[in-house]
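Novice: Listed below are the residues making up each chain.
There are 2 protein chains.
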Amino acid sequence: MKPDTKFLQRIKAIQESTNLELQKLSLPEEPRYLYDPVRYVLKGKGKRLRPILVHLTCDAFGVDEGDKMTTALAVELLHNFTLIHDDIMDQDDYRHGQKTVHKKWDESTAILSGDGVYIISQFLIAKVKTNPVEAINAFNKATLTVCEGQAYDKIYEENQQVTLDEYLLMVEKKTGVLLGVCAELGGILSNQTPEVRQRLKSYGINLGKAFQIQDDMLEIFSDPKTMGKSLGSDLTAGKQTALTILAREKYPEGWDILRNKLSEKTTEEAIPAFRKWLETHKIVSTVERLIATFVDAARKELNVVPKDKRYLLEHYTEMVLNRKK
Amino acid sequence: MKPDTKFLQRIKAIQESTNLELQKLSLPEEPRYLYDPVRYVLKGKGKRLRPILVHLTCDAFGVDEGDKMTTALAVELLHNFTLIHDDIMDQDDYRHGQKTVHKKWDESTAILSGDGVYIISQFLIAKVKTNPVEAINAFNKATLTVCEGQAYDKIYEENQQVTLDEYLLMVEKKTGVLLGVCAELGGILSNQTPEVRQRLKSYGINLGKAFQIQDDMLEIFSDPKTMGKSLGSDLTAGKQTALTILAREKYPEGWDILRNKLSEKTTEEAIPAFRKWLETHKIVSTVERLIATFVDAARKELNVVPKDKRYLLEHYTEMVLNRKK
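So the sequence lines, in the order shown, correspond to chains A and B.
Remember, my numbering sits 1029 above the position in the first sequence when you count from 1.
Remember, my numbering sits 1029 above the position in the second sequence when you count from 1.
Because the hints were derived from the structure by calculation, they are not lab data.
Backbone N, C-alpha and C fix where the C-beta goes; we use that ideal spot for every residue, glycine too.
Hints are not guaranteed to be accurate.
Claimed, not checked - DSSO-like cross-link-like pairs, simulated, lysine-lysine; straight-line CA separation at most 27 Å:
#	chain 1	residue 1	chain 2	residue 2
1	B	Lys1158	A	Lys1158
2	A	Lys1156	B	Lys1156
3	B	Lys1158	A	Lys1156
As the list claims (entries may be wrong) - Here are the computed distance ranges between Cβ atoms for each label pair:
#	chain 1	residue 1	chain 2	residue 2	range
4	B	Ser1251	A	Gln1120	37 to 47 Å
5	B	Gln1038	A	Glu1136	36 to 46 Å
6	A	Asp1244	B	Val1162	29 to 39 Å
7	A	Lys1311	B	Arg1061	27 to 37 Å
8	A	Tyr1069	B	Glu1136	43 to 53 Å
9	B	Val1162	A	Tyr1280	49 to 59 Å
10	B	Asp1121	A	Leu1049	16 to 26 Å
11	A	Tyr1123	B	Asp1119	24 to 34 Å
12	A	Asp1337	B	Glu1136	29 to 39 Å
13	B	Pro1057	A	Asp1122	28 to 38 Å
14	A	Glu1136	B	Pro1057	26 to 36 Å
Unchecked claim - The following residues of chain B were derived to be distant from chain A, with all beta-carbon distances above 12 Å:
#	residue
15	Lys1132
16	Ile1300
17	Asp1337
Next comes chain A alone, as it looks inside the complex:
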């Protein structure tokens, strides 16, 4: 499926209106210790994939414009809250091309402003007019699940025994469920049956899993210019991704030998060797099939969307999966 011009214009319009509305959120000036970092984060250059999904699902089911925009902003703030706190925990220095809050200010500022962003997201989701309590509960349930996902991520980062199933559960919680609630909220705000809501959620979860596993692929197989400098050492040190877990599970000895052999090399030297090994040992094709499984599962759920509106979410599915790193 080729992205058509009309769809791309629509996406651009949603991104622009989301960015505009984020700037228009009426935040107090003081205390600047709290609100300056909040403003800084909301000016960040995210792709707004989550608000876009809210918009498209809401449009497919005829949700009120006000409810749609409020919810789109709420999920974007929720996402940014998790990023601010995760970036402290993971000691990441950059996010969307700008310094992370704990790097630009300090950890205390990042903890507090992350809290602030989440509380503001709560005000937004509590504004919806249709099924507000259900919307709030779905929103908070997703948030707690994302925290569970982050917890598993922290546990697994130093664990060389993680199984593919455990990894997939982590990915579902950390990445899938947030896309899941974006689609589910479209169903809640248009008062759909529990089954429709569940299937919309399942669409988002499966798409999110495919998205994250593809991210693992892109990290190793994308243009070397955009590649993280530490990637070679991350891999030899035992970074857990769908690719490396499958490599370890299928070829425990061979994978160990490869990692040892490449442990002294630079990223520029190590990555081509890793790539070649993963391809010849059919790890890449296995992961590609895994991604396809989740994409198929996602696509099937779209049957609950009215037929004449389905193309929006079909195009969205393509867009999410065809992005470049």
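The hints should help you fit chain B onto chain A, whose structure is shown.
Specialist: Just chain B now, with coordinates in the frame of chain A:
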């Protein structure tokens, strides 16, 4: 007013049922990285002052038992969330006689489990049957204000120019507003008029301000055995409290000279000298009058409580102010 036996039994019963219900909260076992610290915090030995205020206000206005207990737990969790994150920011090692989460585990664990505790509090407050969206909004507004209070606290901790008014605003936001929402929720859950809700909130805010300023006094004037070892050096280094700000504002030179003179002394030697100076310079009596002003303001608001139920909150006011450190 002497605390009567019936009232004290009531308080004890609320504390016990709160502790029991906190233990009964159905938390998942896994991931333990997230839920073990949550369970640890909820076992802590807090005085449960905030749930008690929810109970007493709800009882004065005949709120549904389920709504009352859910809300009492929600505010206790909200309070614990702010403590977990504040303890990281303030690098405090102990809380309620046990190690803080970031000390027992690490900062990442404390950030994430603090987030978890807050999200669980959201589930609880969203369960109320009467005016749920108003309850949720009051709850979240209070939370954001507490964050603003913590932001001012962080700004002021190194600022030797803080005025008493600025300090009082910080105290209102950081401590007052949380007690304010405990009383306000009793009004929301019993469907009182906006005026009654506002006055209940004002009762809690004023009581909270009196409580915090009295805490400043207790810190310097309580039994030396319970005194923090670093208190002497905190004071010479310029810790900002109602007492020290007033001392600096009224006697800038004298206060500086005193601090310099005592800067080499141990807490045991410095504290009696600080106490004597603050008493002879009438700082203590001024602060006592300030506390009395807020207590009076709080008591006046209790006129909105049905006369035959008012004694509960009158006793509570006494209890909060007469506690020992």
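Novice: Is the hinted range of 28 to 38 Å satisfied by the C-beta distance from B:Pro1057 to A:Asp1122?
Specialist: Cβ of B:Pro1057 to Cβ of A:Asp1122: about 33 Å, so the range 28 to 38 Å holds.
Novice: Between the beta carbons of B:Asp1121 and A:Leu1049, is the distance compatible with 16 to 26 Å?
Specialist: violated (41 Å)
Novice: Would you say B:Ile1300 is clear of chain A, with no C-beta pair closer than or equal to 12 Å?
Specialist: holds (29 Å)
Novice: Does the Cβ pair A:Tyr1069, B:Glu1136 satisfy 43 to 53 Å?
Specialist: violated (22 Å)
Novice: Holds or violated: the 29 to 39 Å window for the beta-carbon distance between A:Asp1244 and B:Val1162?
Specialist: holds (37 Å)
Novice: For the pair B:Gln1038 and A:Glu1136, does the Cβ-Cβ distance stay inside 36 to 46 Å?
Specialist: holds (45 Å)
Novice: Between the alpha carbons of A:Lys1156 and B:Lys1156, is the straight-line distance 27 Å or under?
Specialist: holds (17 Å)
Novice: Classify the label on B:Lys1132 as holds or violated, using whether its beta-carbon is more than 12 Å from each beta-carbon of chain A.
Specialist: Per Cβ check, B:Lys1132 is outside 12 Å of chain A; nearest 15 Å; holds.
Novice: Quick check: does the Cβ-Cβ distance between A:Asp1337 and B:Glu1136 fall within 29 to 39 Å?
Specialist: violated (51 Å)
Novice: Return holds or violated for the Cβ distance of A:Glu1136 and B:Pro1057 against the range 26 to 36 Å.
Specialist: holds (28 Å)
Novice: Confirm or reject the claim that A:Lys1311 and B:Arg1061 have a C-beta distance inside 27 to 37 Å.
Specialist: holds (36 Å)
Novice: Taking the beta carbons of B:Ser1251 and A:Gln1120, is their distance inside 37 to 47 Å?
Specialist: The hinted range 37 to 47 Å holds for B:Ser1251 and A:Gln1120, with Cβ atoms some 41 Å apart.
Figure legend: structure checked against the earlier numbered hints; hints not met, in rising order: 8, 10 and 12.
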